Structure formats: structure tokens, C-alpha cells
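Going line by line, the protein sequences match chains E and G.
In terms of numbering that gives the first Met the number 0, the first sequence opens at residue 0 and continues consecutively.
In terms of numbering that gives the first Met the number 0, the second sequence opens at residue 0 and continues consecutively.
No lab work stands behind these hints: they were computed from the structure.
Only a predicted model underlies this, so the values are computations on that prediction, with no experimental measurement involved.
Just to be clear, a hint being listed does not mean it is correct.
For identical chains, the list gives no copy identity; a pair is met inside one copy or between any two copies.
Using 30 Å as the maximum straight-line C-alpha spacing, the simulated BS3-like pairs for lysine-lysine come out as follows [as the list claims (entries may be wrong)]:
#: 1; residue 1: Lys380; residue 2: Lys253
#: 2; residue 1: Lys380; residue 2: Lys298
#: 3; residue 1: Lys274; residue 2: Lys251
#: 4; residue 1: Lys61; residue 2: Lys112
#: 5; residue 1: Lys274; residue 2: Lys253
Number of protein chains: 2
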Amino acid sequence: MKSAVILGSGRVGSAMVMDLSTYGGFEVTAVDWHAAALSRVAERCGARTVEADLADPGVVAKVVADHDVVLGALPSALGMQTLRAVLEAGKPYVDISRMEEDARELTGLAEDKGVIAVVDCGVAPGVANMMAGYAATQLDPCERIIIYGGGLPVERLWPYEFKAAFTPYDIIDEYVRPARMVEYGELVVREALSEPELVDFPAVGTLEAFNTDGLRTLLTSLSVPFMHEKTLRYPGHAQLIRALRETGMFSKAKIDVEGVEVSPLDMTAALLFPKWTYEEGEPDLIVLRVVAHGQRGGKPVTLRWHLHDVYDAATDTRSMSRTAAFPAAIMARTIVEGRFPLGPGVYAPEDPAPQPGFLDEMLDELERRGVHCVCTVLETK
Amino acid sequence: MKSAVILGSGRVGSAMVMDLSTYGGFEVTAVDWHAAALSRVAERCGARTVEADLADPGVVAKVVADHDVVLGALPSALGMQTLRAVLEAGKPYVDISRMEEDARELTGLAEDKGVIAVVDCGVAPGVANMMAGYAATQLDPCERIIIYGGGLPVERLWPYEFKAAFTPYDIIDEYVRPARMVEYGELVVREALSEPELVDFPAVGTLEAFNTDGLRTLLTSLSVPFMHEKTLRYPGHAQLIRALRETGMFSKAKIDVEGVEVSPLDMTAALLFPKWTYEEGEPDLIVLRVVAHGQRGGKPVTLRWHLHDVYDAATDTRSMSRTAAFPAAIMARTIVEGRFPLGPGVYAPEDPAPQPGFLDEMLDELERRGVHCVCTVLETK
Numbered sequence: 000m001k002s003a004v005i006l007g008s009g010r011v012g013s014a015m016v017m018d019l020s021t022y023g024g025f026e027v028t029a030v031d032w033h034a035a036a037l038s039r040v041a042e043r044c045g046a047r048t049v050e051a052d053l054a055d056p057g058v059v060a061k062v063v064a065d066h067d068v069v070l071g072a073l074p075s076a077l078g079m080q081t082l083r084a085v086l087e088a089g090k091p092y093v094d095i096s097r098m099e100e101d102a103r104e105l106t107g108l109a110e111d112k113g114v115i116a117v118v119d120c121g122v123a124p125g126v127a128n129m130m131a132g133y134a135a136t137q138l139d140p141c142e143r144i145i146i147y148g149g150g151l152p153v154e155r156l157w158p159y160e161f162k163a164a165f166t167p168y169d170i171i172d173e174y175v176r177p178a179r180m181v182e183y184g185e186l187v188v189r190e191a192l193s194e195p196e197l198v199d200f201p202a203v204g205t206l207e208a209f210n211t212d213g214l215r216t217l218l219t220s221l222s223v224p225f226m227h228e229k230t231l232r233y234p235g236h237a238q239l240i241r242a243l244r245e246t247g248m249f250s251k252a253k254i255d256v257e258g259v260e261v262s263p264l265d266m267t268a269a270l271l272f273p274k275w276t277y278e279e280g281e282p283d284l285i286v287l288r289v290v291a292h293g294q295r296g297g298k299p300v301t302l303r304w305h306l307h308d309v310y311d312a313a314t315d316t317r318s319m320s321r322t323a324a325f326p327a328a329i330m331a332r333t334i335v336e337g338r339f340p341l342g343p344g345v346y347a348p349e350d351p352a353p354q355p356g357f358l359d360e361m362l363d364e365l366e367r368r369g370v371h372c373v374c375t376v377l378e379t380k
Numbered sequence: 000m001k002s003a004v005i006l007g008s009g010r011v012g013s014a015m016v017m018d019l020s021t022y023g024g025f026e027v028t029a030v031d032w033h034a035a036a037l038s039r040v041a042e043r044c045g046a047r048t049v050e051a052d053l054a055d056p057g058v059v060a061k062v063v064a065d066h067d068v069v070l071g072a073l074p075s076a077l078g079m080q081t082l083r084a085v086l087e088a089g090k091p092y093v094d095i096s097r098m099e100e101d102a103r104e105l106t107g108l109a110e111d112k113g114v115i116a117v118v119d120c121g122v123a124p125g126v127a128n129m130m131a132g133y134a135a136t137q138l139d140p141c142e143r144i145i146i147y148g149g150g151l152p153v154e155r156l157w158p159y160e161f162k163a164a165f166t167p168y169d170i171i172d173e174y175v176r177p178a179r180m181v182e183y184g185e186l187v188v189r190e191a192l193s194e195p196e197l198v199d200f201p202a203v204g205t206l207e208a209f210n211t212d213g214l215r216t217l218l219t220s221l222s223v224p225f226m227h228e229k230t231l232r233y234p235g236h237a238q239l240i241r242a243l244r245e246t247g248m249f250s251k252a253k254i255d256v257e258g259v260e261v262s263p264l265d266m267t268a269a270l271l272f273p274k275w276t277y278e279e280g281e282p283d284l285i286v287l288r289v290v291a292h293g294q295r296g297g298k299p300v301t302l303r304w305h306l307h308d309v310y311d312a313a314t315d316t317r318s319m320s321r322t323a324a325f326p327a328a329i330m331a332r333t334i335v336e337g338r339f340p341l342g343p344g345v346y347a348p349e350d351p352a353p354q355p356g357f358l359d360e361m362l363d364e365l366e367r368r369g370v371h372c373v374c375t376v377l378e379t380k
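In isolation and in its complexed conformation, chain E is listed as follows (with noise of 0.2 Å):
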């Protein structure tokens, strides 16, 4: 029986204790700093549990020392060094941070200890990025390809139609910082929030999708001329988050509000974010979908995937949570279990994702733990 070690038991944390746990083949230990976490997911999967401070690299590498592989749910501040802090530890990893700097300059001290390491494993990024990373090979040439990806409440409240299932300065930061593209070859920079469109999903209706700056890796990892991802949400919202924008709400600098200084993102966040909470229990639902044009044999051919899957009431865990857990649980597996198709290194999910029958193995695991995505692929003959 293997070891694997969880970073942090948050939501996205506990998600994947429960993964490794019920999948078998894992003895699992779960570590964070807040208690109640622990012994909730203590008490659901019987997962060991070690109360620590992982905001310190050294108490990472104490923690993560007895175990055969590491996976990572912790704030994206934290993520860069605790990448460090696991492989000079010599220990394989696997993280869904979401971390701001680019963790591949790390791959030589990967190289250096013998280990792989895969960042951004969550759905988007993460899944979406193995979807780009295979039809970027598949297709000859493979000439655009869009990702559509968002988390969303079933229950639609006016006006925001929307709650955060990760901590809503991370998303403000999103519809606030401009968004990375590729059109022509090029890296082309534009307003979060810009060129919305309207798209439908089946059982979900109609969305709109709005430019994020989403691509990450995808921006120098895949050389397709065309790359572009939009944020899902509930028709209207980008429309009134553009407003509050606007107006400055989200404006982080301190201004003068008779007397007193105040950050008007500090107001906003204060006001708004407790009406962005998800209630306990509140289902969710998760839509990614990705769409990549291309040609194969000379031919025209479109490859689309449709992701969706909603809140778990047996386990009472939201679809965010699944979502982004179980591509990493699942990368886990690969990895202890001998068959991640690359040697050491730190890589991005799109990396290994050309080789034959890693997609299909990961889509068929996520089918298991019952997330669906169909792929359609449309030909012309």
C-alpha cells in the first residue's frame, strides 16, 4: 500500500482524501492548521490527520517526508514555495494552487531529485489543458482552440446569479486582470470581461463567456495560432460586474471617504462577498468545454469536449471541489503507480496528454467518480 500526503484540507483538499481513500491502493494523511478541517475529513474518509503550519516550506518538508507522493490544495500564495519545498524533498506532486508564478522554471530541481511533478491539475486548468494538449498533436495543423469553463449555483438569486466556491478576491482578480490570448501567432492582451457571447449547454441553457486570463501554461506550452478562454457565467453578470468595475468598486487603492481611507475592493468585497457564500449544501455545477479546429488528412475536423458535472449530495461535495480533486487524485495514481509517460520534471497537464490513451484514461476515471464529458468530433468526409 502506498503513502500519499494532502496539503491542506479545504474543500478541494478533503475531496481529495476522500478520492484516495475510497479508491483504494492509499493510505492517506491529511495536513492543515485548522482543526475543525481535520477532523471532518477525519471523521468522513478515516483519513490520519497533522495539525501544521504549511505557510512554512520547512514544516512541508517534514510532513511530506514518510509518504510515496504529494498532493497540493493549498492558496496560490503558497504555491510556488511549496512546490520547491516537495521536490527538494524528492517527492513527487501533484498541485491545483492555481499559483501566479510559472512553476516549470522549477523542472531542473525536479530533474535534479528524479521527480515528476504537474501543476494547474485541476478541471480548467487542468483537464482542459489535457484536451488542448491532445488536439493540438492529433489535429495537422491544429489551428484554434477555445476553452469555455465556469462554476456556477444551480439556483440562480438576482442580480449576481452567482456564488465563489474559491475565495472571491481570486475571482475579482480575475475579471480585473487583463486576459492573455493568441490570435495570429501572437500574444494578444485584452479587457477581462470583453467580447461576451452567448453559448448554450445542454441542461445548463444558455451562457455567456467572456475573455479571462485563463490560458496559463497553454500561452507558451502549445504553438496553435488561435487560443482563447472565456469564462461561464449566467447571462447578465459580466454586464453588471463590468458596471461595479466602472464605477471603481474594484479599485484597490485607498481613496478618501469623508475622513477616512478605505479601499473601495475592501467596501465591495465586504458588501458582496458574504452574498457570493454558498449556502451549506447549495448545489453547484461545473461546465467546461472545449473546442478545438484543425485538420487531419487535409480535412476539416472539429474536436469538442463537453464536461458538466453538479453537487454530490451523498457526499455533500460540490462540483467545484470534485472537479478539480479528482483529475488530481487521479494524476496521483498515475504517477505513484509507474505510469506518468514522461521522464522527471515539473510539467503542465497538457504535457504528458498527447500519449496514447492518458486522456482517455483520465476521462474514463473521472466517468467512474461519475463527471461526464462527451467528445464529439465532427468530420468532414
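Once you've looked at the hints, dock chain G against the given chain E.
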């Protein structure tokens, strides 16, 4: 030659000065605490000016002492105390301050002093009340009166498509204060911004009308079983304002924001109000529509007034100022010339409106000043 004194030389007060100076018969004195405002009216209209603090009723009593008629264009908070001071000084008074209090409580004082005062004497409240008062007696019975009114910028800038021609705090107050209306003869209260409807206006296009608390004196002075007042904005404004209101952005109560106590409304004001400020020389427009349904000789009749005005480039006077100032100036002239049809007292504009020719004269005088109004009578023969 008669002598008129205008209290307040802001946008409306200075338009009153301009009007009384232009149409002859008056020696005009402008009073304000703000020297720059006074020198502007002196230069433009050749009016005499007095610098004085009109927040002090004793000062008001002094400055009105030597004049035949007084016009008030002061902030609403000063409305009632100024009315009292003017009445105690025994001077006729026309006011557009939109005071919160019911001015008619001072009618006894006006009777004692033998003077006439008319309050709410702008466009809406003001001319709209005259139309309502006229309809209430012309139709038998008058079954329903709806007042639509709004002041808007000509240039529609996303996202608000709105600028504030008077203090924006008062506009937010209109968006927050519950709207009182009359249905089946009973007072009914609904949320401000409720019951939005799209209405088409010639030369302006489609506007959105929603409930606001604008019936004021009409709620008690007319016994019409259905009375509604709705504010007009470009479509979409109300939805956005509702979202801000729902998010708590208009809340006055201070909340803790990262350790400091701030009123969300003050923060919103700091961000929003600069965007709601008219540029120098920026054109605005006014739309007023009053619709009255009822019967005449047992046949259904609808009376409909449509008043439309725009910014006057020649005098750099906004429509909002013109349409507030001109009715007051016309009314002052009527009083001074002894043509006001009722005896001493404090009146709302609907009170004299049923008298023969009274409304026609007001509309004719407005027409002379370029404020156009069309009255349509729809009759079943």
C-alpha cells in the same frame, strides 16, 4: 416696476433671475452666500446681488423686506424655515425647494399675513401637479392619473446613462425611499424602482419608467382613486441601480471595512457622483408626460400632456434648470399682477389649476420660453 428677490443663485435660482429680467416688469435681486454664483448672475442678467447666509431665517426676513415677491431656489432642507420666514415678513412666495415637510401647514400664517405662497412650483412637482389638478376636475369622474417625468443627459454613457442635475444624494434617496401611490382610493406603498415599464417618447425614444415617491401633495389634495408617479431613465439604469441597492451600496449605516468604519453610501458617492456630474455646457433634456383617464358626459376620455425640453445653448441653461425656474417665475408674475385666482394661503400647484385659463396661461408662457407641451384629448364619441 415691481421688485423680486430670488433666494439662492444656483442653477435654478439663476434661471429664475434670467427669466424675470428677460421678460420685463421686474427689478431683480439675487441672494446667495456664494460670491461666484452672484457675480455670474450679475454679469449675465444685470441683476442686483446680495451676499448673505440664507440658512439663517433672520437673514431671510431682512433680505426680503423691501421686495414685492420672493422666489425660493434653496436646498430642500431649508425649504420650510424659509417659507415661514417669508410668510412672517408678509411677502408672497413661490418655492421649488421640494421640502420634506408639508408646506400647507403654514396656510394659517399666510392667511393671517394676507399673502399667497405656492410651493413645489417647478416641473414635477409643479406643472405636472397643475395638469393633474386640471384633469381631476375636468373629468367626471377622473379615474386614474399617471405622471411620468425625468431629466436625462442627451449623451448616453455606459453604464449609467445618467447625470444628476441636482444633488445626487437626493437622487439616491429617490431610489431608496418607498414610493407612495393611490390605488382603489387607498394609499399604497411599493419599493422604489418597482414596476418598471418601457414607454416610447417622440424625439427621445424608449425610456424606462419606475415607481418613485413623487406624488407629494397630490396624495392628499386630489381624490382620484388611482394615482401613480414614475421616474424616467434610459432603459437599464434602474436594473443597475437595483443591483447596487440590493448589494448594500446605498446603505447609510456605517460598517467595518478592514478596521475602519465607513458608510457604504459615502463610498458609493465618492466613486459614483463624479461620473454623474454634467460637463460644462453638456446638453440635457426633460420629459414630462401626464396621463389622466376618466369620463366626460358618460364617455371615456383620456387627457395626455407631453412636455419636452432641451438644454438651451444660447444661455447655457440646462433644461432641468429651465423647467424648474420658469414655472416659478411665471407663477410669481401671476401673483404680483393680482391674477392668482385664490385668496391668501399656502398652495400646491394643483390648487389653482382648475380655474379657467390658468393652466393654459402657464403652458402658453412656457411655450414663449421654448418649453413645448402638447395636450392630446382622446375621446370616444
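Results for each hint:
no.: 1; hint: Lys380 x Lys253; verdict: neither (60 Å within a copy, 67 Å between copies)
no.: 2; hint: Lys380 x Lys298; verdict: within (7 Å within a copy, 73 Å between copies)
no.: 3; hint: Lys274 x Lys251; verdict: both (20 Å within a copy, 19 Å between copies)
no.: 4; hint: Lys61 x Lys112; verdict: within (17 Å within a copy, 92 Å between copies)
no.: 5; hint: Lys274 x Lys253; verdict: both (23 Å within a copy, 18 Å between copies)
This entry does not satisfy hint 1, going by the numbered hints stated previously; all others are met.
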